[in-house]
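Enquirer: Sequence:
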Amino acid sequence: MIVDAAAERDADGRRTDPQRRRHGTTEAYTVTTPSGDDMLGRGLRLLTVLAEHPAGLGVSAAARAAQLPVSSAHRILGRLVEERFATYDEDARRYALGWRVLELSRGFQRSPAGYSAAAAPMRRLAARTGLPVIAGLLHGADVLLVLSVQGTQHLQLRSAEGTRNPWHATSLGKALAAALPEEEREQLLSGPLPAVTPRTITDPGRLRAELALVRQRGWSEVDEENEIGVRSIAAALPRAPESTPPLAVSLAATVILTEADQLRAHAPALRQCVEDIAAHMAP
4 MIVDAAAERD ADGRRTDPQR RRHGTTEAYT VTTPSGDDML GRGLRLLTVL
54 AEHPAGLGVS AAARAAQLPV SSAHRILGRL VEERFATYDE DARRYALGWR
104 VLELSRGFQR SPAGYSAAAA PMRRLAARTG LPVIAGLLHG ADVLLVLSVQ
154 GTQHLQLRSA EGTRNPWHAT SLGKALAAAL PEEEREQLLS GPLPAVTPRT
204 ITDPGRLRAE LALVRQRGWS EVDEENEIGV RSIAAALPRA PESTPPLAVS
254 LAATVILTEA DQLRAHAPAL RQCVEDIAAH MAP
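Those letters in the sequence shown? Residues 4 to 286, by the numbering used here.
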């Protein structure tokens, strides 16, 4: 469609032209272009869709989920990638949330409504067990560590906030993956599953069976699968309120100081911790 340069905008920001020649007649017409507010809303809808699909989505699936034309979704996703709010995997042809979202979330975590709500229950768990308590969420095929509380046992762990670890090698990742809808869980299982240590489980069938066990008992465990000399257990927040963030909390210990059964004995306290956090974060 060719739009005359003399076209004007109405009060709603739409381009109009009183003269349009069609089939020998003259008629008024309106060409609608998205306003700035509408483009912002579309971008936010796409970010929300990506957040709901941590394994990533192709442009058609993202457009369908956000109820947008594919051309619009493609253009907006491209801009989100440029601004680092999204990433694009050329091999898988999928979009996922980008690091800029985490940078913004750090400010949210420090706010009263952010992940700081998890700090008090995590501190109680650390005081009760003497072990470090770590919270994380899924970011694509990785787990992002967003909050940590040191216990009385000062262990040297790779648990700095902002650290990423492969989901399948961590108790946090297994707890979060087990809580996903089946389709998203299978997407993670079909992706790369590299060995982080000699004990990392990389077989999709074994991982699938382990995730079924996690769903049954409510918590996960790893034993030197992500870091030699370290074992951990984790539980995901109950997702009854849909607004509850997809967060999981773990307890970590060294294999020298803490036997596997000793760590498993803390599972009830861990589950109470995540229930307390969910209650704090619920609207």
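Just to be clear, a hint being listed does not mean it is correct.
Stated by the list, open to error - Derived DEER-like restraints, expressed as beta-carbon distance ranges:
1. 184 with 258: 29 to 35 Å
2. 107 with 41: 28 to 34 Å
3. 198 with 220: 22 to 28 Å
4. 262 with 86: 25 to 31 Å
5. 63 with 153: 15 to 21 Å
6. 93 with 73: 14 to 20 Å
7. 127 with 262: 35 to 41 Å
8. 155 with 209: 44 to 50 Å
9. 93 with 263: 24 to 30 Å
10. 268 with 67: 18 to 24 Å
11. 78 with 249: 51 to 57 Å
12. 184 with 84: 24 to 30 Å
13. 153 with 73: 45 to 51 Å
Read the hints as simulated data drawn from the structure, not as lab findings. As the structure is a computational prediction, the values presented were derived from the model and not from experiment. Backbone N, C-alpha and C define an ideal beta-carbon position, used for all residues, glycine too.
Enquirer: If a hint holds in the structure, say so; if it does not, say that too.
Expert: Status of each hint after checking the structure:
1. A hinted range of 29 to 35 Å holds for the C-beta pair residue 184 and residue 258, which are about 34 Å apart.
2. Range check, residue 107 to residue 41: about 22 Å between beta-carbon atoms, so the 28 to 34 Å window is missed.
3. Judged by the Cβ atoms, the range 22 to 28 Å given for residue 198 and residue 220 holds: they are separated by roughly 25 Å.
4. Between residue 262 and residue 86 the C-beta distance comes to about 48 Å, which lies outside the given range of 25 to 31 Å.
5. The beta-carbon spacing between residue 63 and residue 153, approximately 46 Å, falls outside the hinted interval of 15 to 21 Å.
6. Between residue 93 and residue 73, the C-beta spacing of about 18 Å keeps the proposed range 14 to 20 Å intact.
7. At about 23 Å, the CB distance of residue 127 to residue 262 disagrees with the hint of 35 to 41 Å.
8. Remark: the range hint 44 to 50 Å for residue 155 to residue 209 is contradicted by a beta-carbon distance near 35 Å.
9. Roughly 41 Å separates the CB atoms of residue 93 and residue 263, a value that falls outside the hinted 24 to 30 Å.
10. Look at residue 268 against residue 67: about 46 Å separates their beta carbons, and that is not inside 18 to 24 Å.
11. Separation of residue 78 from residue 249 is about 28 Å and departs from the stated range, judged on CB atoms against 51 to 57 Å.
12. Our hint of 24 to 30 Å for residue 184 and residue 84 holds, since their Cβ atoms are close to 25 Å apart.
13. For residue 153 and residue 73, the Cβ-Cβ distance of about 48 Å falls inside the hinted range of 45 to 51 Å, so the restraint holds.
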